[in-house]
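Trainee: Sequence:
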Amino acid sequence: MSINPRYKKIWAVVKSIPKGSVSTYGDVARFSGYPGCARMVGTALRAAPDELNVPWHRVINSQGKVSFPSGGEKATSQQDILEHEGVVFLSGVVNLNAYAWQGNLDSELWRM
DNA sequence: GCACTGACTCCCA
DNA sequence: ATGGGAGCCAGTG
Numbered sequence: 010m011s012i013n014p015r016y017k018k019i020w021a022v023v024k025s026i027p028k029g030s031v032s033t034y035g036d037v038a039r040f041s042g043y044p045g046c047a048r049m050v051g052t053a054l055r056a057a058p059d060e061l062n063v064p065w066h067r068v069i070n071s072q073g074k075v076s077f078p079s080g081g082e083k084a085t086s087q088q089d090i091l092e093h094e095g096v097v098f099l100s101g102v103v104n105l106n107a108y109a110w111q112g113n114l115d116s117e118l119w120r121m
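In our numbering, the protein residues as written are 10 to 121.
In short, the hints are calculated from the structure, not lab data.
Please note: incorrect hints may appear among the correct ones.
Straight line, CA to CA, 20 Å or less: simulated DMTMM-like cross-link-like pairs of lysine to aspartate or glutamate [what the hints assert, rightly or not]:
#	residue 1	residue 2
1	74	60
2	24	59
3	24	60
4	18	89
5	28	60
6	18	60
7	83	60
8	83	59
9	83	94
10	28	92
11	18	92
12	24	94
13	24	92
14	28	59
15	28	89
16	17	59
17	74	92
18	18	59
19	17	60
20	74	94
Computed beta-carbon distance windows for the label pairs [said to hold, decoys possible]:
#	residue 1	residue 2	range
21	14	93	13 to 23 Å
22	93	45	30 to 40 Å
23	61	84	17 to 27 Å
24	59	28	27 to 37 Å
25	99	14	35 to 45 Å
26	98	27	24 to 34 Å
27	60	106	29 to 39 Å
28	17	99	27 to 37 Å
29	12	100	20 to 30 Å
Here a beta-carbon is modelled for each residue, glycine too, at the ideal position from N, C-alpha and C.
Could you build all of it, start to finish, from the sequences and the hints given here?
Mentor: The structure is reproduced here in structure tokens:
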């Protein structure tokens with residue numbers, strides 16, 4: 010099965026998230042031109058091949074938490090990577106107000 | 001083609 | 001603050 014072009018756009022957006030910052034599924038969806046498609050972002054990230062080096066760990070939910078069962082290996086590793094990049098977790102929650110990436114709507118990313 | 005699920009989010013009680 | 005319900009779109013059986 011072929012990969013939908015939508016995913017490539019989403020991956021491109023995620024890859025543009027600078028180190029030390031995070032973004033939410035909803036925001037990534039909006040920045041990608043698919044407002045309201047937060048779930049699609051999750052699906053896209055799950056389908057993202059490792060070869061692309063997509064920093065999926067920088068994408069968290071609107072609550073500032075990782076979208077994995079807390080205590081799980083995935084959640085733990087994601088949090089560990091983010092902390093290693095300088096993102097601070099307080100009680101398992103990221104201060105989105107301080108770390109959320111402000112996407113640039115005028116980016117050339119939009120018209121690809 | 002229908003129905004259910006999912007790495008989501010918003011709204012209201 | 002917390003939980004339930006609806007809306008959302010693609011993937012999967």
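Trainee: Output the numbers, in ascending order, of every earlier hint that fails for this structure.
Mentor: 1, 4, 11, 21, 24, 26, 29
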